[in-house]
Amino acid sequence: MHSNHLSSSLQIGLGFYYVILAIMNFAFASYQSKILNKRQAGIWTTVACLFLVHAVANFMHLGWTLSDGIKQSVDAVMNPVSYFVMAVAGLTAFLYWRKFFTEPVVAWTILSAGLLFSGWAMTDATFRAIITKPDNVPIVMLIFSVGYTTWLAMRKAVINDARIAIGEAPLEKLEDDKVLVWPDLVYTELLAMVICTFILVVWSVVLKAPLEAPAASSKIPNPSKAPWYFLGLQEMLVYFDPWMAGVVLPTMIIVGLIALPYIDFNQKGNGYFTFVQRRFAITTFLLGFVVLWVVLIVLGTFLRGPNWNFFGLFEPWDPHKTVPLNNINLSDYVWLFGFGRSMESMGWFMRELPGIALVLAYLLLLPPLLAKTIMRSYFVKMGFIRFFLLVTLIQFMMALPIKMVLRWTINLKYIVFIPEAFFNI
Amino acid sequence: MAIGDFIRNSQVWKSIFRHPAPRDRRNRVVVMLTNVFLHLHPVSVRKSGIALSYTWCMGGITFFLFLVETVTGVLLMFYYRPTLEHAYNDILSLRDVLTLGILREMHRWGAHAMVITIWLHMYRVFLTGSYKPPREFNWGVGVILLVLTLLLSFTGYLLPWDQLAIWAITVGSNMARATPLLGYEGPGAKFLQIGGVELIHSGSDARFLLLGGRFVGETALLRFYVLHCVAIPLAVALLIAVHFWRVRKDGGISGAL
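So the protein lines, in turn, are chains A and B.
Here the first sequence is numbered in the numbering used here, starting from 1 and rising by one per residue.
Here the second sequence is numbered in the numbering used here, starting from 1001 and rising by one per residue.
Bound-form chain A, shown alone:
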């Protein structure tokens, strides 16, 4: 116990945090007893009491801190590979066992465990410094709101899919009668405006907007980060040059989003939550939005420190941390290691021919191959233009994970490397 590590105000703050968690769990327990689930009611009363114990301990300034052993083991398993792989695995598991994960009790368990861990993690100075930076507060909100909405949408989808399977209409169809906008909608809108104003005012009073030292073009901060909503793009700079990560891929995201309604030929699932009727569309979108956008923003905000190095949750941001970079290009693999030939006398075209051929094959040969084989039914239904647009957009989306895996497995730097023309892929 290092009681001297924690300030009094932090412990009082944590005390109130645990009181809120206790109240939430008592409420959940009383809900469970109301729906006559005695066992669950007992469990969540116990959990609420556990939070109360935490609250008392913090109010009494016992100085409970997360043990160094746990911190070190968390940091030890965290790196860009494990982080990303776990995110993909998590999404896959969530979709595959969606019936299980959308049970309120399961979701509540995950939420409570996450909040308990956050409370303990707050006792660590490094974690606290990053998570409470005023401009990082939106990311915390983003994590919870995307988590909650994903759960809510999938829960409704699971219920609707079960109904559709036995020939009933989705839930949204049940309340099909019309109501007057005044009062049913305008009052909801008024209430929403009042609540939003209240939240925004409280947020503004509690948290000052950040203001750092005056701008100085000679003092470059390390790390230099883009605004938080672009940190997913900044993370792509690890794997791609700026022309890809900063221009081409963002453009493809915008084009892809606009093209989406014209590509998606599936007429089912319009106006209600479903998963079964739109497996491909929803899985692809979740991979793009939740993993390749939100998860990478969280990575860029909380886990990327000086020199854009990766730092675990409790790892201090050491500007002198060095990570060996021994990435090599595809041309090295082919000519040096494959044929044992020096590339010095080669022109750029000959040198990069393998890479160029590979990229062209990926973009031009893969779509027809897919159309002939595993995606044949799509091709038949969608027609030429729609199909090629779809496959090309997905190819650009998958370019990031493909490059990630190549980097992690064979230390590949560039597939095509033509610095003479700033053309590196």
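Be careful, since some hints might not be right.
[As the list claims (entries may be wrong)] Heads up, incomplete: computed chain A residues facing chain B, CB under 7 Å, no partners named: (1) G269; (2) F273; (3) V276.
[Said to hold, decoys possible] Where chain A lies over chain B, by a calculated footprint (3+ residues, C-beta under 8 Å): (4) 1003-1015; (5) 1051-1061; (6) 1068-1082; (7) 1194-1205; (8) 1225-1238.
To be clear, the hints were calculated from the coordinates, so they are not data collected in a lab.
C-beta: ideal position from N, C-alpha, C; glycine also.
Since the structure of chain A is already known, use the hints to place chain B on it.
Chain B in isolation, oriented as in the chain A frame:
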């Protein structure tokens, strides 16, 4: 009550509200038709369409936050001058001198929240398949609104003119110099030349257009200020009008058929 009746029977009151209070069905319909703001809505909607668990209210909140940003933004413009000499100090005085000074906080946190709510709005629209026919076009309008919202936030990020601002914008705008053909470090730009003179160099490329200079300086501050306070909000307001109008024309809030 006599005073209340006197007011409601006065010529002034009747000139503003053309019908009795919306207490019965007829007047609840009429109120929606005689008020320009309420007239954005239809008179009646499907009950499931306005359920909070269905809409998440995120589009409405995004619009509300846009209004909050407009009001606080106009107020901030009274205090802020976009020059190297004044910008930072004006922000300092907003914090230290202004009574009840939470204007900048409301503007900044509101902007962050707006980015999140617009994402969640699109997330909901996607997950309920509400972009499907007949709403394909309005989804596209929404995507443009998303891009404009991000640009609004990005241009506003520079205005405090502190270290956070200038370096975030430097990181972001550095991408522009890698634009294919149009950025001087972008692929293909070197091939754009006439008689050996390069057309695209650091003083003529996409980044220069964005910043009005070769680095994030006074010209960039002015450009971002004008884009942030005038150009982009006007475009957003225009597209919001289209977006809302198309919601109505494309059959209102989506729902199971």
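(message) Quick check: do three or more residues in the segment 1194-1205 of chain B have a beta carbon closer than 8 Å to a beta carbon of chain A?
(response) violated (count 0)
(message) Next item in the hint list is A/V276. Is there a CB on chain B closer than 7 Å to its CB?
(response) A/V276 check fails; min Cβ-Cβ to chain B is 13 Å, beyond 7 Å.
(message) A closest beta-carbon separation below 7 Å is what the hint needs, so does A/G269 meet it against chain B?
(response) At 4 Å from the nearest chain B Cβ, A/G269 passes the 7 Å test, so the hint holds.
(request) Tell me if chain A covers the segment 1225-1238 of chain B under the three-residue, 8 Å CB rule, please? (result) violated (count 0)
(message) If you count the residues of the segment 1068-1082 of chain B with a beta-carbon closer than 8 Å to a beta-carbon of chain A, do you get 3 or more?
(response) Our answer is that it is violated, as 1 residues pass the Cβ test (under 8 Å) against chain A, missing three.
(message) Under 8 Å between beta-carbons, do enough residues of the segment 1051-1061 of chain B, three at least, approach chain A for the coverage claim to hold?
(response) Satisfied; 8 residues make the cut.
(message) Taking 8 Å as the Cβ threshold, is the statement that the segment 1003-1015 of chain B is covered by chain A upheld or broken by the three-residue rule?
(response) violated (count 0)
(message) Take the shortest C-beta to C-beta distance between A/F273 and chain B; is it under 7 Å?
(response) Holds - the Cβ of A/F273 comes within 7 Å of chain B, reaching about 6 Å at its closest.
Consistency note: the structure conflicts with the earlier hints numbered 3, 4, 6, 7, 8.
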